[in-house]
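Visitor: Here is what each chain is made of, one letter per residue.
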Amino acid sequence: MLIKRRPDIASSEITARGLYLSRRAFIAGSAALTLGPSRATAAAETPPAEPLAAKPSPTFRVDDPPTKFESVTTYNNFYEFGVDKADPSIYAASLRPRPWTVRVEGLCARPKTYDLDELLRLFPLEERVYRLRCVEGWSMVIPWIGFPLASLIKRVEPTGKARFVEFTTLYDPAQFPGQKKNLISFSSLEWPYAEGLRLDEALHPLTLLTFGMYGRVLPNQNGAPVRVVVPWKYGFKSAKSIVRIRFVTERPQTTWEKAAPNEYGFYSNVNPTVDHPRWSQATERRIGDFRRRPTLMFNGYADQVGSLYAGMDLRKDF
Amino acid sequence: MSRSARVALKSVVWAACLLPLLMLLLKFWADDLGANPISYATNVLGDTTLRILLASLTLTPLRLLFGISWQMSLRRLLGLFAFSYAVLHFTVWVVVDQIFNWPGMLADIRKRPYITVGMLALTLLVPLAATSTTRMVKRLGGLNWRRLHRLVYVAGVAAILHFSWLAKKGRNDPYLYATILAALLGVRGWHRVARALGKRRVVALGAPSTQKRVAGAP
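Protein chains in written order, with the numbering used here: chain A, 1 to 318; chain B, 1 to 218.
To be clear, the hints were calculated from the coordinates, so they are not data collected in a lab.
Everything numeric in this text was worked out from a predicted model, so none of it was measured.
All residues carry an ideal CB built from backbone N, CA and C; glycine is no exception.
Accuracy of the hints is not assured; some may be wrong.
[Said to hold, decoys possible] In silico lysine-lysine, PhoX-like type, Cα no more than 20 Å apart, as pairs:
| hint | chain 1 | residue 1 | chain 2 | residue 2 |
| --- | --- | --- | --- | --- |
| 1 | A | LYS180 | B | LYS111 |
| 2 | A | LYS68 | B | LYS27 |
| 3 | B | LYS111 | A | LYS85 |
| 4 | B | LYS168 | A | LYS85 |
| 5 | A | LYS180 | A | LYS112 |
| 6 | B | LYS169 | A | LYS258 |
| 7 | B | LYS168 | A | LYS258 |
| 8 | A | LYS154 | A | LYS112 |
| 9 | B | LYS27 | A | LYS181 |
| 10 | B | LYS138 | A | LYS180 |
| 11 | B | LYS168 | A | LYS181 |
| 12 | B | LYS169 | A | LYS85 |
[What the hints assert, rightly or not] Pairwise CB distance ranges, derived in the manner of DEER restraints:
| hint | chain 1 | residue 1 | chain 2 | residue 2 | range |
| --- | --- | --- | --- | --- | --- |
| 13 | B | ASP31 | A | LYS181 | 33 to 39 Å |
| 14 | A | PHE186 | B | MET136 | 38 to 44 Å |
| 15 | A | PHE186 | B | THR134 | 20 to 26 Å |
| 16 | A | GLY306 | B | PHE100 | 43 to 49 Å |
| 17 | B | THR91 | A | ALA302 | 36 to 42 Å |
| 18 | A | SER307 | B | THR179 | 45 to 51 Å |
| 19 | A | PRO56 | B | TYR153 | 58 to 64 Å |
| 20 | B | VAL126 | A | ASP313 | 57 to 63 Å |
| 21 | A | ASP200 | B | VAL154 | 50 to 56 Å |
| 22 | A | THR273 | B | PHE100 | 23 to 29 Å |
| 23 | B | LEU25 | A | GLY306 | 43 to 49 Å |
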């Protein structure tokens, strides 16, 4: 019987470093040739990210040194592109982040479909350096660019009935190869990816509607062209490539909650004292570090967000 | 099979089994293990263990299904490679990931089912590796040796469980490996049942058994 293997390494990974670094020159030089969107060339075809100007925020920044840009753009969980950490960077070019619209709707007085460029100009952009803690036990420090989600929410005036905010990621198997069904799709998440926050969480000043990082527009593998960043929650709560923001009364069911309700709760606040059912959350490995470090309550943002959960049993509402 | 054919076959298998380790070492020297090198190395070594273990479990079904037996000479080689990768996988966990944090590791083995079954799989492979020499086969006697080495089925199931219990939802490879393992064990089970039924029919007919027991092991 044949054992079907995935290739051990992508051909893109065995490119010599020097060649890899000169890939843009190579692409420019061979522009006349029509290169098919093969696995090897896909990563190289990603256009260099444009700069995105933003004022560094004096208050919202952690002192830990930012993670290497290369790590942040090649080590991703973005199952729409594939389940391996390298898949999002390999297939990134298949996503078209422009033109792009975001529908803001539901229980609000001024629903509207925003064109991305309009959204970008609504409020001044700031750069904030946040910790990012993945539920898998690793973490990064990333300088994001965006404005508080609260600014947008206030602008569309949610009604008194709005209790939760639901985020929906783009569904398009042509752009997201991970959304394609095939013969060996034994297991898949439900698409489109849905996430949600309580309205007060969404309105919290830390919650950032994000358009860029490291001084440039978001790379596709990091959730281009617009995502949220909720730094006190596990990374999967921060929905990427958002096409819809909806105000609702009932708590929305999130994709990971549907996939494994006993493992990924609606809140999913970073909490070293509440283990994932299968592994400990007490420590994390900061990408670039050798030793693990203790995980901080609410990812180190306990002073700012602790009051949101006063009186709640965080073991029950994990 | 001729001696030169056997040497060629074994060389190919040696090379194929060493390749993942070689790639890992090359990437290590080139500082190209990615953003999370420890996790990458652990995953590659674990994945390779599973693949070689599954490969070693395909040899007998190939014989049962197609009546070919040249591949049977690879059992020890594949088994020992699977064991070696399992040991490397475990070593990275102990030395690099946990940095000899014995209380922490013991707690994990007790508390985390995926680590418990992973440890079980590795532990079960130890006596198999230890009795892999021709001398040990002779010392134990063919029947005992075969019985002991049936533990590899338990180890295989434990290893696949280890992988499926640590993998997140949405991944297909645990299901793929589990399907392959189920098929491989299924061929053996089916063969046993068929043989038992065949014997019964033969006995009922009052004729001597025509079944030939193929020497060799599980």
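Visitor: Taking the hints in turn, state whether each one holds.
Guide: We went through each hint and held it up to the structure:
1. LYS180/A / LYS111/B: With a Cα-Cα distance of about 37 Å, the restraint between LYS180/A and LYS111/B is violated, given a limit of 20 Å.
2. LYS68/A / LYS27/B: This hinted pair holds, its Cα atoms lying about 19 Å apart.
3. LYS111/B / LYS85/A: violated, 27 Å
4. LYS168/B / LYS85/A: holds, 13 Å
5. LYS180/A / LYS112/A: The hint is violated at about 30 Å.
6. LYS169/B / LYS258/A: holds, 10 Å
7. LYS168/B / LYS258/A: The hint holds at about 13 Å.
8. LYS154/A / LYS112/A: holds, 13 Å
9. LYS27/B / LYS181/A: Between LYS27/B and LYS181/A the Cα gap is close to 33 Å, so the pair fails against 20 Å, i.e. violated.
10. LYS138/B / LYS180/A: Distance ~54 Å between LYS138/B and LYS180/A Cα, so the pair is violated.
11. LYS168/B / LYS181/A: holds, 18 Å
12. LYS169/B / LYS85/A: This hinted pair holds, its Cα atoms lying about 14 Å apart.
13. ASP31/B / LYS181/A: 33 to 39 Å: Cβ of ASP31/B to Cβ of LYS181/A: about 38 Å, so the range 33 to 39 Å holds.
14. PHE186/A / MET136/B: 38 to 44 Å: The hinted range 38 to 44 Å holds for PHE186/A and MET136/B, with Cβ atoms some 40 Å apart.
15. PHE186/A / THR134/B: 20 to 26 Å: violated, 41 Å
16. GLY306/A / PHE100/B: 43 to 49 Å: Since the Cβ atoms of GLY306/A and PHE100/B sit about 36 Å apart, the hinted range of 43 to 49 Å is violated.
17. THR91/B / ALA302/A: 36 to 42 Å: holds, 37 Å
18. SER307/A / THR179/B: 45 to 51 Å: The hint (45 to 51 Å, Cβ to Cβ) holds, given that SER307/A and THR179/B are roughly 49 Å apart.
19. PRO56/A / TYR153/B: 58 to 64 Å: holds, 60 Å
20. VAL126/B / ASP313/A: 57 to 63 Å: violated, 44 Å
21. ASP200/A / VAL154/B: 50 to 56 Å: holds, 52 Å
22. THR273/A / PHE100/B: 23 to 29 Å: Holds: the Cβ-Cβ distance is about 25 Å, inside 23 to 29 Å.
23. LEU25/B / GLY306/A: 43 to 49 Å: Holds - the Cβ-Cβ distance for LEU25/B and GLY306/A, about 47 Å, lies within 43 to 49 Å.
Checked against the numbered hints given earlier, this structure breaks hints 1, 3, 5, 9, 10, 15, 16 and 20; the rest are met.
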